[in-house]
Amino acid sequence: MPDLAISAAQEHEPTFGDYVALLKPRVMSLVVFTALVGLLVAPASLHAIEAVAAMLFIALGAGAAGALNMWYDADIDSIMRRTMNRPVPSGRVAPDEALAIGIGLSGLSVVMLGLATNMLAASLLAITILFYVAIYTIWLKRRTPQNIVIGGAAGAFPPVIGWVAATGSVSLEACLMFALIFMWTPPHFWALALFMRSDYEDAGVPMLTVTHGRPAARRHILAYTLLLVPVSLWLALGPVGGPVSLAAAVVLNLMFIRGAVRICMRAESVAQGDGYAAEKAFFRASLFYLFLHFGAFLADAVVRQAS
Amino acid sequence: MSGIRATHELHARRFSRNLGVAVALAVFVAVVFALTVVKMKRGDPLQGFDHVVRPGMEVSGS
Numbered sequence: 171m172p173d174l175a176i177s178a179a180q181e182h183e184p185t186f187g188d189y190v191a192l193l194k195p196r197v198m199s200l201v202v203f204t205a206l207v208g209l210l211v212a213p214a215s216l217h218a219i220e221a222v223a224a225m226l227f228i229a230l231g232a233g234a235a236g237a238l239n240m241w242y243d244a245d246i247d248s249i250m251r252r253t254m255n256r257p258v259p260s261g262r263v264a265p266d267e268a269l270a271i272g273i274g275l276s277g278l279s280v281v282m283l284g285l286a287t288n289m290l291a292a293s294l295l296a297i298t299i300l301f302y303v304a305i306y307t308i309w310l311k312r313r314t315p316q317n318i319v320i321g322g323a324a325g326a327f328p329p330v331i332g333w334v335a336a337t338g339s340v341s342l343e344a345c346l347m348f349a350l351i352f353m354w355t356p357p358h359f360w361a362l363a364l365f366m367r368s369d370y371e372d373a374g375v376p377m378l379t380v381t382h383g384r385p386a387a388r389r390h391i392l393a394y395t396l397l398l399v400p401v402s403l404w405l406a407l408g409p410v411g412g413p414v415s416l417a418a419a420v421v422l423n424l425m426f427i428r429g430a431v432r433i434c435m436r437a438e439s440v441a442q443g444d445g446y447a448a449e450k451a452f453f454r455a456s457l458f459y460l461f462l463h464f465g466a467f468l469a470d471a472v473v474r475q476a477s
Numbered sequence: 044m045s046g047i048r049a050t051h052e053l054h055a056r057r058f059s060r061n062l063g064v065a066v067a068l069a070v071f072v073a074v075v076f077a078l079t080v081v082k083m084k085r086g087d088p089l090q091g092f093d094h095v096v097r098p099g100m101e102v103s104g105s
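Going down the list, the sequences are from chains A and B. Residue 277 in this note's numbering sits at position 107 of the first sequence, and the numbers go up by one each step. Residue 90 in this note's numbering sits at position 47 of the second sequence, and the numbers go up by one each step.
Derived from the structure by calculation, the hints contain no laboratory data. Where hints are given, some of them may not hold.
[Unchecked claim] Computed list of chain B residues with no C-beta within reach of chain A, every gap over 10 Å:
1) A69
2) V72
3) G86
[To be verified] Selected chain A positions facing chain B (Cβ under 7 Å, derived; list incomplete):
4) T185
5) F186
6) D372
7) A373
Ideal Cβ positions, reconstructed from N, Cα and C, are used throughout, including at glycine.
Please put together the full structure from these sequences, using the hints given.
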């Protein structure tokens with residue numbers, strides 16, 4: 171093959187790793203974990219093979235939504251430092267290919283989840299994908315600072331899907347797990363927006379930090395962190411919870427509130443001075459918060475099974 | 044003509060992609076097969092879905 175032809179072909183000649191990156195594996199890991207907990211703490215059980223298949227297809231659905239998001243957002247992803255190396259904005263995967271993979275995997279994951287478990291779980295997965303792509307990515311993200319507040323619902327669905335896959339119906343506990351992730355999402359992303367500084371502004375994404383200023387975003391982080399507490403305690407005291415969840419809820423919420431108060435009280439000049447250390451610490455803590463919270467539900471479920 | 048040349052990096056990328064897709068397809072086939080075995084062994088109605096048996100599918104006289 172002539173060298174010129176090779177260099178032209180290389181631009182859209184992805185490796186398998188590029189396809190994996192297209193499915194946003196880090197986001198997928200959170201989706202899989204929360205969906206798995208939803209499935210395992212539910213008062214019904216699936217055969218192990220059905221459970222593995224359900225997890226696989228929920229993960230595939232989440233990945234498909236990620237690919238469609240990457241296809242639509244390629245223009246702004248190429249501006250933001252955090253996202254410019256993603257497969258589509260960096261030119262490793264062609265936009266049309268990302269779109270085809272996203273649509274194909276969406277259909278496959280929904281149909282296969284329906285066949286593996288039940289139609290309600292499959293419908294919820296379809297709603298999640300549509301919500302993330304149409305409502306969040308296409309509609310809200312570039313129009314309103316409430317983008318991640320409302321769009322956060324897409325990330326909150328996985329434990330409900332896991333629960334419904336096992337039980338065949340939605341219940342209060344599943345809705346509370348939804349509410350926990352829904353209330354957790356805004357402080358998580360606003361902390362990121364604070365230390366990513368001008369990324370969102372450069373890309374024209376109306377994040378709260380851009381439209382209402384950083385002090386307002388700091389106050390909103392504290393407000394949502396406080397709203398998260400009752401949801402967390404309600405879950406811990408309910409049928410899904412137990413002593414481990416209650417202890418985790420108390421400790422994690424105290425840590426989270428402490429971090430949010432610290433962020434709220436900080437002046438922008440101080441934050442700039444220490445390289446947004448508190449904001450970065452809060453963002454990392456938010457990831458631990460969710461993993462440990464759902465891990466605690468799982469631990470309580472194991473304790474219940476054992477006793 | 045330069046004769047036989049070393050494999051270009053482009054070919055390594057294609058091989059990685061083709062191998063990955065092949066493994067993914069093999070896993071998919073295995074999952075579908077395992078699911079089928081589980082559902083057949085449990086005696087699920089072949090046309091059943093949503094874990095609900097439709098009365099119309101019940102064997103008459105049983």
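Structure versus earlier hints - violations, ascending order: 6 and 7
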